[in-house]
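If you read the sequences in order, they're chains A and B. Numbering (this note's numbering) for the first sequence: -17 to 389. Numbering (this note's numbering) for the second sequence: -17 to 389.
Derived by calculation from the structure, the hints in this document are not laboratory data. There's no promise every hint is true.
Claimed, not checked - Derived CB-CB ranges, DEER-like: (1) Ala75(A) with Arg69(B): 45 to 53 Å; (2) His12(A) with Arg69(B): 34 to 42 Å; (3) Arg30(A) with Glu15(B): 24 to 32 Å; (4) Arg69(B) with Ser327(A): 53 to 61 Å; (5) Thr76(B) with Asp292(A): 47 to 55 Å; (6) Glu144(B) with Asp41(A): 43 to 51 Å.
As the list claims (entries may be wrong) - Simulated coverage check for chain B against chain A, where a stretch passes if three residues somewhere in it have a Cβ under 8 Å from a Cβ of chain A: (7) 31 to 43; (8) 243 to 249.
The beta carbon of each residue, even a glycine, is placed where N, CA and C say it ideally should be.
Protein chains: 2
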Amino acid sequence: MPESVNDLLARAAALDAADELSTHRAAFVHVDEVRAYLDGNSLGRPLRRTRESLASFVDEVWATRLIRAWDEGWFDTPTELGDTIGRVALGAATGQTVVADSTTVLIYKLLRAAVDARPGRDEVVLDTDNFPTDRFVAEGVAAERGLTLRWITPGPDGVTPELVHDVVGPRTAVVLLSQVDFRSAQLADLPGITAVAHDAGALAMWDLSHSAGVVPVDLDRHGVDLAVGCTYKYLNGGPGAPAFAYLAARHHDILRQPVQGWMGAADPFAMGDRYEPAPGVRQLVSGTPPVVGMLAMRDMLALLDVAGLDAVRAKSVALTEFAIEVHDALLAPRGVTLASPRDASVRGGHVTLEHDDFSRVVPELWRQGVIPDFRPPRGLRVGLSPLSTSFREVLTGLRAVADEVDA
Amino acid sequence: MPESVNDLLARAAALDAADELSTHRAAFVHVDEVRAYLDGNSLGRPLRRTRESLASFVDEVWATRLIRAWDEGWFDTPTELGDTIGRVALGAATGQTVVADSTTVLIYKLLRAAVDARPGRDEVVLDTDNFPTDRFVAEGVAAERGLTLRWITPGPDGVTPELVHDVVGPRTAVVLLSQVDFRSAQLADLPGITAVAHDAGALAMWDLSHSAGVVPVDLDRHGVDLAVGCTYKYLNGGPGAPAFAYLAARHHDILRQPVQGWMGAADPFAMGDRYEPAPGVRQLVSGTPPVVGMLAMRDMLALLDVAGLDAVRAKSVALTEFAIEVHDALLAPRGVTLASPRDASVRGGHVTLEHDDFSRVVPELWRQGVIPDFRPPRGLRVGLSPLSTSFREVLTGLRAVADEVDA
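Please build the complete structure, drawing on both the sequences and the hints.
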């Protein structure tokens, strides 16, 4: 039978008491006005130290070292920070990851590089539930390169290896999918799908925007070819922080991205006559590294490194399990339905609920300092960033949802 | 006859005393270790208020408003900030400028949009002295679109309308040039060259990286079609700050850039099935706006707005005139030569000097806190950001150059 609110309060307290990562919560900025932040999957909270990271950068680095700082480290930020993300979050050995541009621009660059490297193949496989920018970029690339998009319609278990197997073949250049579905949080079988793509001679490209920093990825181990992802969600880089791109080392001498810029050239300051790509993953860089935008994510990467991604994933699972428990007790009786998998092994770091009233409910919750996000037509996403979120906060937020559905 | 050091000190003092903009210098961060900063054309100094702009953003906006801030202003930052740059620095009416991406990525997007809009024309005109990233992008776009690059070799007066006239014709899709040459500081005849391009039925695209914020541009008045530029030079946006792009309103319904992203879509949050570009200049945006990277430039734009671009240009001319005066007195006798125009009306905001020893001299100057930059093979650039640089600082820096050439 459904748990009472008092039972749930006791459950939340017990879970918080047992949470070995709970001390890290104090590392983040919390303001009284925000009673429950349920959208860490869209924009992670800032760490408390980030205020000083940005402030001291202005006076102690930018103002003091001035252009000398380019030689003293800024020039290497795309690969240095990429290596850190690779190690802490992606299971990627050094020399395969860069930080640069937006996720959208990196999807364009990598997808172009991938399809141009498979000249005899004229199809890109993706799914109808993929994030809009992935689909929009693919649509544009297909139009300009004369390719056909092969759309998978996800089933009840999302995009499975079987569904991919049904559409890949000798014409497939690349399979472009998200590891965690931005709406349902369905966690795809990345190793299985990557293997299916490879069996068909295609490249596997993954969007890790909703998994990087919360779900272990193991890119190298699973033989992924290309990947991109966002740093302002579970990597807490701040609004619009630059994205990351991964290109497996075996492709470095073969794949070429189209936006040939001076900062991805072999010798940027030679100011040479012709573009010669830098060796290795550096060629993915085009323009000047967005140094200021890269500062905040360093604080979170340092914390993730201390906490450990496996522990973070374990807490993430516990948080979403508890959110589902609260849903079953308080929200299901009010007609709310769960639109995410019940099986934690195939669920990412968020939970999506559905109800016809959510388009009305969410703006009202925002006014009350309870902040999930709304995904049309009727989805409310509960995104639980493990290091900054308590079980009590989950309960506070979902109780407010119940109250507003009643209102 | 050459002036003595005492004469030059007196001249510098008199010029500083007469400088109506001198009070603004205190708005910037100055540290004792930096005796003379002569590279404001590469990376502008931070303003004193920028430390607090970044710090308070973390706590008061990011941590407090969280994702609600997207609806409260972040979403509009590309066009809102673009409009401000357009008004303060570019002579561009609202609705034609965005801030997004790096200069390199924006050059790619605009150049692709331009050449794709001229299907019967298969040539791009540019010059061999253009900044490497412009040339590298054009080389890549030419290769992928089957275009021919027509190279102008600049004469003693740089790229003139006559030189452009000699190469444009019915095959020219676009003329891509820099308003201010990054090495020589030669100021191109933007109105004259734009008219020559138009007479040939071509589009005129300008890189304003070395002019925006220091040289009046008047894009609308001169009928420029497309422009890009950098915000970390004379707009003091900080290392790697996002760039701006201008697309004249008359092209909004015709030109289409290739990196189709959700933030440039007509309704980003509809998460629609097909990409539909946003109306107006917004379609130039691809990914999530780099909000943190956009903060610092706002402080400088506010100051430029107060000072006025015409006054800034007048001080810029006075600063470079004085640099040349010091060169003539102290450096020419040591074998240094001037590699920038003597005529201020065709000179941008910096002055380039040449000497065989500069590759040795510049690193030593950096150690002393005197910071010009070195441009191979033998150029030393003296970039004088008008609002943060005094005449005395110019003299201090160039005296150090003289001492090091003697060393």
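Of the hints stated earlier, which fail here? Result: no hint breaks.
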